[in-house]
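Participant: Sequence:
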Amino acid sequence: MKGRIHSFDTFGTVDGPGIRFVLFMQGCALQCLYCHNPDTWETNAGRAMDVEEILAEIEPYLEYYRRSGGGITVTGGEPTLQAPFVARLFAECKRRWGLHTALDSNGFCEPSHAQQLLEVTDLVLLDLKQMNAQKHLALTSQPNDRMIRFAYYLDVLNIPVWIRHVLVPGWTDDAADLLALGEFIGSLTNVSKFELLPYHRMGVYKWQQLGKAYPLEQCPVPTDREVSRARMLIEQGIGNDSHNVNAGGTAYGGNVN
Numbered sequence: 001m002k003g004r005i006h007s008f009d010t011f012g013t014v015d016g017p018g019i020r021f022v023l024f025m026q027g028c029a030l031q032c033l034y035c036h037n038p039d040t041w042e043t044n045a046g047r048a049m050d051v052e053e054i055l056a057e058i059e060p061y062l063e064y065y066r067r068s069g070g071g072i073t074v075t076g077g078e079p080t081l082q083a084p085f086v087a088r089l090f091a092e093c094k095r096r097w098g099l100h101t102a103l104d105s106n107g108f109c110e111p112s113h114a115q116q117l118l119e120v121t122d123l124v125l126l127d128l129k130q131m132n133a134q135k136h137l138a139l140t141s142q143p144n145d146r147m148i149r150f151a152y153y154l155d156v157l158n159i160p161v162w163i164r165h166v167l168v169p170g171w172t173d174d175a176a177d178l179l180a181l182g183e184f185i186g187s188l189t190n191v192s193k194f195e196l197l198p199y200h201r202m203g204v205y206k207w208q209q210l211g212k213a214y215p216l217e218q219c220p221v222p223t224d225r226e227v228s229r230a231r232m233l234i235e236q237g238i239g240n241d242s243h244n245v246n247a248g249g250t251a252y253g254g255n256v257n
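Read left to right, the sequence shown gives residues 1 to 257 (my numbering).
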C-alpha cells in the first residue's frame with residue numbers, strides 16, 4: 001500500500017504537543033476560499049510513498065520527538081481520504097517506537113471510513129470552519145453535516161480533540177456564528193483545547209503559481225481587537241460549565257487546510 005504524499009516537515013511545533021514529524025497528505029474534497037495549501041487539493045498529484053519510506057524519514061529525529069513529548073501529525077489536504085494508509089502508518093509508529101499520533105482533519109469523513117485509523121490516533125486536531133450550513137457551503141464548497149457527525153463520533157470514542165477555527169473577516173466572524181461554535185464546543189466532553197487561527201495571506205503565492213484567481217483578494221487580515229472579540233464570543237458560547245476547555249489563547253501558527 002502506498003500513500004499520496006505532498007510533503008513533510010521534520011521539525012513541526014504548532015500541530016500538536018512537542019516537536020513533531022508533520023506529514024502532508026495529497027488530496028482534499030474541500031476547496032476553502034482561504035486555503036493556503038491549494039496545491040494539496042488534487043488527489044492524483046504528489047509523490048507515492050509506502051510506510052517504510054516514511055518511517056525512514058522519521059527515524060533520524062526520534063530523539064527530538066521523544067524528549068519533547070512530540071510525535072507524528074498527519075495533515076493535508078485531508079488525511080482521512082487516505083485513512084487505511086494513515087492507519088497503517090500510525091500503527092507502525094506505535095508498534096516500533098511508541099510515538100504519539102495526531103490527526104489534523106477537517107472532519108469531512110464518514111465515521112465508519114475512519115474507524116481503524118481512529119483506533120491508533122491519540123489526538124485529533126479538528127478544524128471547524130463554519131457552523132452555519134449555508135455559509136459553510138459557500139466557504140468550502142461542501143456542507144458541514146459530515147463534520148458535525150465526525151465531531152460527535154470522536155466524543156463518543158472519547159478521543160482527545162483540539163478544536164481549530166480560522167477567523168476570516170466577513171466569512172467566519174459573525175457574532176451568531178461564533179456563539180454557535182462556542183455552544184457546539186461546550187456540548188462536547190472530549191475537547192481539551194481551542195485554537196483561534198487568524199486568517200493570513202501567506203499562501204496567496206501558491207494560488208498564483210497554480211494560475212488560480214485568489215477568491216479573497218480583498219479580504220483583510222483580522223485586527224487584534226477583532227481576534228479578541230471573536231475569542232470572547234466563542235468563550236461565551238462555551239460557557240462556564242464547559243468540560244475544562246482551554247480556550248484562552250490565540251494560535252498564530254498551525255496548518256490551515
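Take these hints with a grain of salt, some might be off.
What the hints assert, rightly or not - Straight-line C-alpha distance at most 25 Å; calculated DSS-like pairs for lysine-lysine:
(1) LYS2 with LYS135
(2) LYS135 with LYS212
(3) LYS94 with LYS212
Claimed, not checked - The following label-pair restraints were derived from C-beta to C-beta distances:
(4) CYS219 with ASP155: 26 to 36 Å
(5) PRO60 with ALA138: 26 to 36 Å
(6) PRO160 with GLY239: 40 to 50 Å
(7) PRO220 with ALA176: 32 to 42 Å
(8) ARG229 with LEU62: 23 to 33 Å
(9) ASN190 with ASP145: 30 to 40 Å
I should point out that these hints are in silico values taken from the structure, not numbers from a laboratory.
As the structure is a prediction and not an experimental result, all values here were calculated from the model.
Beta carbons: idealized from backbone N, C-alpha and C, even for Gly.
Participant: Hints first: check each against the structure and report whether it holds.
Facilitator: Hints, one by one, checked against the model:
A distance of roughly 36 Å separates the Cα atoms of LYS2 and LYS135; the hinted pair therefore is violated under the 25 Å criterion. With a C-alpha separation of about 22 Å, the suggested pairing of LYS135 with LYS212 holds against the 25 Å cut-off. Using a Cα cut-off of 25 Å, the hinted pair LYS94 and LYS212 is violated, with the two alpha carbons roughly 40 Å apart. One distance hint, 26 to 36 Å for the beta-carbon pair CYS219 and ASP155, holds here, with the actual separation near 32 Å.
About 44 Å separates the C-beta atoms of PRO60 and ALA138, a value inconsistent with the hinted range of 26 to 36 Å. At about 20 Å, the CB distance of PRO160 to GLY239 disagrees with the hint of 40 to 50 Å. PRO220 and ALA176 have their C-beta atoms about 21 Å apart, which leaves the hinted 32 to 42 Å range violated. In this structure, ARG229 and LEU62 break the distance hint of 23 to 33 Å, their C-beta atoms being roughly 43 Å apart.
The supplied range of 30 to 40 Å is broken by ASN190 and ASP145, whose beta-carbon atoms lie about 20 Å from each other.
In summary, the structure is inconsistent with hints 1, 3, 5, 6, 7, 8, 9 from the numbered list given earlier, while agreeing with the others.
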